[in-house]
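Two chains, each in its own frame: build the complex with the hints.
Chain order of the listed sequences is A and B. Its first residue numbered 1, the first sequence is counted upward by one per residue in the numbering used here. Its first residue numbered 56, the second sequence is counted upward by one per residue in the numbering used here.
Don't take every hint at face value.
[Said to hold, decoys possible] To give a feel for the contact side, a few chain A residues facing chain B, derived at Cβ under 8 Å:
#1 Phe37
#2 Ala40
#3 Leu41
Think of the hints as simulated: they come from the structure by calculation, not from any bench. C-beta atoms are modelled at their ideal positions from N, C-alpha and C, and glycine is treated no differently.
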Amino acid sequence: MGIFHHFMNLKAVYIHIGWFQMSITNLVVVLSMLLVFGLALVLPFPGSKKGKGQK
Amino acid sequence: MSTGIEKEMWTTKLRKAWQKNLPVEKLLPDTQPAYVASWIYMFGVATLASLGVIIASGLWLSFEGASWYHYSSVGHFVNSIHFWAVQFFFIFMVVHLWGKFWMAAWRGKRMMTWVTGALAFVGSIATAFTGYLIQTNFDSQWISYEAKDGFNSVGIGSKFNVTNFGQMILLHVAFLPVIIGVITLIHVLLVRSKGVVPPIDAFNKELGERK
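In isolation and in its complexed conformation, chain B is listed as follows (with noise of 0.2 Å):
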């Protein structure tokens, strides 16, 4: 029973603030506005789409293990989707990089959107980095025994042994997935808090309505 005097509960406080940040009618729109209209718009989704991809034949990899993915035909096709997703993850991402830098996507409180974005790109990099170094061949092997000289001479290598294949498997398959996951997540969240970025000129007029 309440009482209306007890203090409130970190479950309170943070209902109350994501009410007030996050309403379910700005989670799950079902409009946007006009100026989102543009095929640039369109790779911040193509990204996440090709990281459902990755993450859906990177699943099935994994059930399946290496000497499927290297001997069966079926095995080879769903390493190929799980390679070729990659690739355009990064093309999408990049594009969508491009596009937010030209937009100054920053603006109106969208800081941490941005950094969330930064973070999620050089998680993604350090993430792919582990994907070479586990396809258990002559490139993985020729990779890690280049970048080991790198990572010791930067005074890493005790850390993040490139050629401790147990390690890069564990980074790549739980540890990476999940820090890319979470980033992810928190950074639609935001998009979806602080709405589209709009195009300098309608920034301004935003800007105008506010007040």
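Just chain A, with the same shape it has in the complex (with noise of 0.2 Å):
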């Protein structure tokens, strides 16, 4: 079924500190999501003339 099929079949690995315990892929997720909200604030949207004449 090849190396996807392979990928999803795996256990799942953890990270534990102390009372911190997350698997990896969550980690991954809610990382990438705090990266989307920090671009979204930052990266300038097409056709926005931000402080030219703005409404």
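Written out as structure tokens, the structure is:
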């Protein structure tokens, strides 16, 4: 079934530091969301003229 | 024939309130304020787009049935579309929530917009949970047997029996989607009625202009 089938059937790997425990998968999702949030704030929006005659 | 002395019917009251709060120019606008030209304002509509894919793929799964999505390659594909659309739905909704939280989007009499958004979030968690319970595989068996202890411990296990497949599938494909659909519709209509929340500095300017 290929590499994806193999990858999807692996056991979850967890990070465990003291009270903090999270699977790598969930950590990747949370960090990606924070990255997307940060990028949405700083990346210029196509066609926007920020600062020039803003309504 | 109108004599002009009749009591106003509920339809009249509703029509007048609708026309006052949500005229068609507000319902279907062709322009938005300049501050909406930012990526952070895109996550609400991205959440709606994901919901559309979830509903379409969910309807397809419902018509074809469990044996189709477990054993056929097209079924696997549609099942995965449904699953990943849910992942993106939650990712977009949480980024939308963060954005709206940090711009204090409940300002300017938008409290109900915030409240309906919160209700949609909680309802979506319940819908996703019941979705995990009706996969008809060992994963759903494991989740339901873990969850039943949680539900019993808070005294609602007799009403929400998570090991009852019939109850869970009806909640997932009928009851909860209707609830989410209605809440989402109210949320979107409130956004149209009150307008997209301005940034905090623009909001102060807007208040000044209103006086």
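Cross-check of the supplied hints:
Annotation: interface hint on Phe37 of chain A holds; nearest CB of chain B at approximately 5 Å, less than 8 Å. The beta carbon of Ala40 of chain A comes within 4 Å of a beta carbon in chain B, closer than 8 Å, and the hint placing it at the interface holds. Interface hint status for Leu41 of chain A: upheld, as the beta-carbon distance to the closest one in chain B is roughly 6 Å, under 8 Å.
Violated hints: none; the structure is consistent with every hint.
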